[in-house]
Amino acid sequence: MSAQADVLIVGSGPAGVSAAWPLVQAGLKVIMLDQGREGSGPPLPDDALMSVRLNDEGQWRYFIGEDFHGLAARKRETPKMKVPGFRFVLEGFEQAYSIRATGMLTTGSLAKGGTSRMWGAGAYPYTTIDLKGFPFGLEDLDESYQSVMARIGISGCGNDDLALSLGALYPLQPPLAMHENAKRLLERYEAKRCAGSLAGIRLGVARNAVLTRDLADRKACSLTNMCLWGCPRNSIYSADQELSALTRTGNFQYIDHAFVQDISSGYEGLCAHCTDICGDHRQTLNFTAKTIILAAGAIGSTILALKTLRHFSQSVPLICHPALALAMCIPERIGRPLAESNFALGQLAYQVEDFEQAENFSFGVIFTAEGLPVSSLAAYMPFTRPCSFSLAQALMPSMLIANCYFPGSFSACHIEVTPQGQVLVGGGYSSDFEARARKTNRRVQHFFRSLGAFPLPGSLQRATLGSDGHFAGSFPMRKFPSVGETSIDGEVHGMPGLFIADGAVLPHLSAKHPTLTIMANADRISKSIAKRMLGT
Amino acid sequence: MPGEKRPLLCEAQVLLSYVLGQAPGSVLICRYFRALRAQGQDCPLPLSLPPARWAFLLYAFEPVGRNLGPRATALSSRIRIASVIAESSTQGARKFYADSRLPRSVRLFILTLKLLFEFLIFPVRLALTRWMR
Numbered sequence: 001m002s003a004q005a006d007v008l009i010v011g012s013g014p015a016g017v018s019a020a021w022p023l024v025q026a027g028l029k030v031i032m033l034d035q036g037r038e039g040s041g042p043p044l045p046d047d048a049l050m051s052v053r054l055n056d057e058g059q060w061r062y063f064i065g066e067d068f069h070g071l072a073a074r075k076r077e078t079p080k081m082k083v084p085g086f087r088f089v090l091e092g093f094e095q096a097y098s099i100r101a102t103g104m105l106t107t108g109s110l111a112k113g114g115t116s117r118m119w120g121a122g123a124y125p126y127t128t129i130d131l132k133g134f135p136f137g138l139e140d141l142d143e144s145y146q147s148v149m150a151r152i153g154i155s156g157c158g159n160d161d162l163a164l165s166l167g168a169l170y171p172l173q174p175p176l177a178m179h180e181n182a183k184r185l186l187e188r189y190e191a192k193r194c195a196g197s198l199a200g201i202r203l204g205v206a207r208n209a210v211l212t213r214d215l216a217d218r219k220a221c222s223l224t225n226m227c228l229w230g231c232p233r234n235s236i237y238s239a240d241q242e243l244s245a246l247t248r249t250g251n252f253q254y255i256d257h258a259f260v261q262d263i264s265s266g267y268e269g270l271c272a273h274c275t276d277i278c279g280d281h282r283q284t285l286n287f288t289a290k291t292i293i294l295a296a297g298a299i300g301s302t303i304l305a306l307k308t309l310r311h312f313s314q315s316v317p318l319i320c321h322p323a324l325a326l327a328m329c330i331p332e333r334i335g336r337p338l339a340e341s342n343f344a345l346g347q348l349a350y351q352v353e354d355f356e357q358a359e360n361f362s363f364g365v366i367f368t369a370e371g372l373p374v375s376s377l378a379a380y381m382p383f384t385r386p387c388s389f390s391l392a393q394a395l396m397p398s399m400l401i402a403n404c405y406f407p408g409s410f411s412a413c414h415i416e417v418t419p420q421g422q423v424l425v426g427g428g429y430s431s432d433f434e435a436r437a438r439k440t441n442r443r444v445q446h447f448f449r450s451l452g453a454f455p456l457p458g459s460l461q462r463a464t465l466g467s468d469g470h471f472a473g474s475f476p477m478r479k480f481p482s483v484g485e486t487s488i489d490g491e492v493h494g495m496p497g498l499f500i501a502d503g504a505v506l507p508h509l510s511a512k513h514p515t516l517t518i519m520a521n522a523d524r525i526s527k528s529i530a531k532r533m534l535g536t
Numbered sequence: 001m002p003g004e005k006r007p008l009l010c011e012a013q014v015l016l017s018y019v020l021g022q023a024p025g026s027v028l029i030c031r032y033f034r035a036l037r038a039q040g041q042d043c044p045l046p047l048s049l050p051p052a053r054w055a056f057l058l059y060a061f062e063p064v065g066r067n068l069g070p071r072a073t074a075l076s077s078r079i080r081i082a083s084v085i086a087e088s089s090t091q092g093a094r095k096f097y098a099d100s101r102l103p104r105s106v107r108l109f110i111l112t113l114k115l116l117f118e119f120l121i122f123p124v125r126l127a128l129t130r131w132m133r
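Sequence order for the protein chains is A and B.
All residue numbers for the first sequence refer to the working numbering, where the first residue is 1 and numbers rise by one.
All residue numbers for the second sequence refer to the working numbering, where the first residue is 1 and numbers rise by one.
Hint data in this document are derived by calculation from the structure and do not stem from the laboratory.
Hints may contain errors.
As the list claims (entries may be wrong) - Label pairs and their calculated CB-CB ranges:
hint : chain 1 : residue 1 : chain 2 : residue 2 : range
1    : A       : R442      : B       : L102      : 33 to 43 Å
2    : B       : I110      : A       : P174      : 33 to 43 Å
3    : B       : I110      : A       : G133      : 18 to 28 Å
Stated by the list, open to error - Counterexamples of contact, computed for chain B against chain A with all Cβ distances above 12 Å:
hint : residue
4    : R6
5    : P7
6    : L8
7    : Q13
8    : P44
9    : L45
10   : A127
11   : R130
As the list claims (entries may be wrong) - Derived contacts from chain A toward chain B, CB cut-off under 10 Å, selection only:
hint : residue
12   : L246
13   : V374
14   : S390
Note that the coordinates shown come from a computational prediction; the quantities given were computed from them, not determined experimentally.
Every residue gets a Cβ at the ideal spot worked out from N, C-alpha and C, and that includes glycine.
Using the sequences plus the hints, can you model the full thing?
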């Protein structure tokens with residue numbers, strides 16, 4: 001089977017979908033190629049977590065899974081990786097690309113919508129300081145931020161202390177209702193800020209790609225506290241939600257079971273060779289277009305680009321986020337009843353300034369613990385299990401969990417494709433990371449203590465490198481690109497017509513979550529491609 | 001088959017009783033059994049007779065500090081599985097979540113007593129953990 005289009009997009013994640021919109025709106029015929037895995041678990045009830053826990057006899061199907069996936073005892077992974085309903089999102093990725101990883105996790109997805117099916121929904125735009133090292137400025141990305149944010153719906157607060165570092169003028173939906181612990185922390189912070197006693201750490205309301213007002217087919221968040229397990233109302237954005245709207249435009253076609261194995265160039269343009277790697281029929285499909293946009297996630301796109309360029313056995317740098325997580329407790333909240341309604345993703349965000357190099361700040365998000373299973377907290381306690389359960393139950397209403405991301409410059413990872421097609425990925429930290437992590441941890445703990453939130457002993461954990469799925473920098477955009485780089489518009493040097501629109505082209509990974517910037521950049525790249533193809 | 005099944009079902013009964021503090025429903029026992037089978041853990045734990053008869057004795061036998069990761073002992077990883085299964089049931093949820101409806105002072109008092117008991121039993125647990133290593 002073969003087909004032709006103006007533009008082929010590889011991957012249906014946030015970058016792919018964001019790249020598709022401007023092209024489709026410009027009237028170009030777009031085909032999106034994707035393996036498009038889907039889950040098969042029971043649908044989640046649109047009920048409060050506590051009600052499901054107390055009344056639903058079939059709850060084990062959502063919380064453990066019919067295949068008992070939720071029982072896996074993996075340390076240092078995000079809690080979402082154990083959720084049975086998200087198993088399909090990460091499954092099969094490493095096998096599909098023949099990846100052998102050491103020292104890190106290579107989180108990626110073959111699912112329809114990519115890793116956005118299970119992301120934390122943190123949506124933080126880059127500012128001028130984050131774009132240091134990029135070959136363009138914020139003014140070139142601003143319009144794309146506006147259109148992406150209006151399209152997906154971001155809730156947050158535009159006038160708190162973090163507003164300046166998160167772009168004060170972007171369209172926002174009202175913030176989500178805050179948990180009592182987060183409220184207290186923010187109130188104390190505001191009081192201290194007015195007294196001028198806080199220097200170097202700023203706190204504000206988290207920005208999430210979660211609706212507080214209905215948007216198209218998606219419903220506003222009803223604070224059921226089920227966020228960790230999935231969102232039956234689609235309040236949390238995921239890229240697959242946009243595929244039907246794209247298809248309705250008439251010049252967009254989504255083709256699943258089409259895993260792109262290789263790309264070749266010929267007289268008719270570029271040709272993507274696909275197979276269905278998960279199905280029974282291994283028929284090869286070929287799709288031809290003048291332009292191909294890779295948006296298969298930074299690792300997938302890097303592998304495809306390296307294969308297309310025949311750059312074998314060459315180690316390419318890969319940037320990712322080193323991260324820490326810390327549990328804290330507000331003593332006066334110990335033993336209080338659990339909240340009846342809650343939002344279980346990011347409640348607050350904070351930024352830890354670096355006084356020597358401004359762009360090296362750290363960034364973190366604060367969650368409540370109430371959406372987590374008691375058993376997952378109890379497993380980290382040194383007491384017998386029944387006592388740990390009682391303690392976790394009493395601590396849960398008082399707990400806050402803060403993660404802290406460091407800029408990608410503190411990671412030292414690489415990726416390489418062998419001539420046999422095997423992909424070798426290695427992860428590590430830069431030599432100055434340990435000292436920096438210690439210093440930041442001290443500052444963060446002191447900051448939270450001053451606000452009445454006390455770190456729980458032994459709770460500091462270092463996340464496995466790559467477990468957050470934030471990868472970048474393997475084909476960085478440059479004003480004057482050379483081998484292994486891309487142009488300002490994401491075009492791969494040495495392969496005209498082949499573009500990359502995901503994290504792989506970000507030259508630098510600031511400590512902020514990059515997804516929104518990846519989407520805005522994909523939108524920018526795609527607008528430039530549309531202009532070029534239409535000669536406008 | 002029933003011969004292989006019985007020790008695992010007994011183990012399920014003991015561990016779930018220990019975690020829940022009450023006799024588990026038969027559905028939970030079967031779920032524990034199926035979970036172990038699904039994980040390829042067909043061998044029952046070699047529980048000695050006293051804890052196999054009186055689940056509360058596991059307070060002394062539960063290993064210290066090895067709940068997760070590759071260093072987790074067989075007993076602590078089975079207790080973890082029993083915990084997750086118990087929590088994901090209405091019986092467990094009523095035990096682990098509905099307790100929060102008690103007055104705060106009562107809950108904190110009970111918790112203090114439990115922690116006191118933990119400190120008293122800790123040397124025994126530590127000694128048994130080292131002995132069983």
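To see whether the hints hold, each was checked on the structure:
1. A:R442 - B:L102: 33 to 43 Å: Taking Cβ atoms as reference, A:R442 and B:L102 lie about 38 Å apart, which means the hint holds.
2. B:I110 - A:P174: 33 to 43 Å: Holds - the Cβ-Cβ distance for B:I110 and A:P174, about 40 Å, lies within 33 to 43 Å.
3. B:I110 - A:G133: 18 to 28 Å: violated, 56 Å
4. R6: Holds: least Cβ distance 21 Å, greater than 12 Å.
5. P7: holds, 20 Å
6. L8: At roughly 14 Å from the nearest Cβ of chain A, B:L8 sits farther out than 12 Å, so the non-interface label holds.
7. Q13: Non-interface label on B:Q13 holds, nearest chain A Cβ at 16 Å vs cutoff 12 Å.
8. P44: holds, 17 Å
9. L45: Check passes; 15 Å lies beyond 12 Å.
10. A127: holds, 15 Å
11. R130: Its Cβ never comes within 12 Å of chain A, the nearest being 15 Å, so this holds.
12. L246: violated, 37 Å
13. V374: Interface hint status for A:V374: holds (5 Å vs cutoff 10 Å).
14. S390: OK, holds: A:S390 within 10 Å of chain B, min 5 Å.
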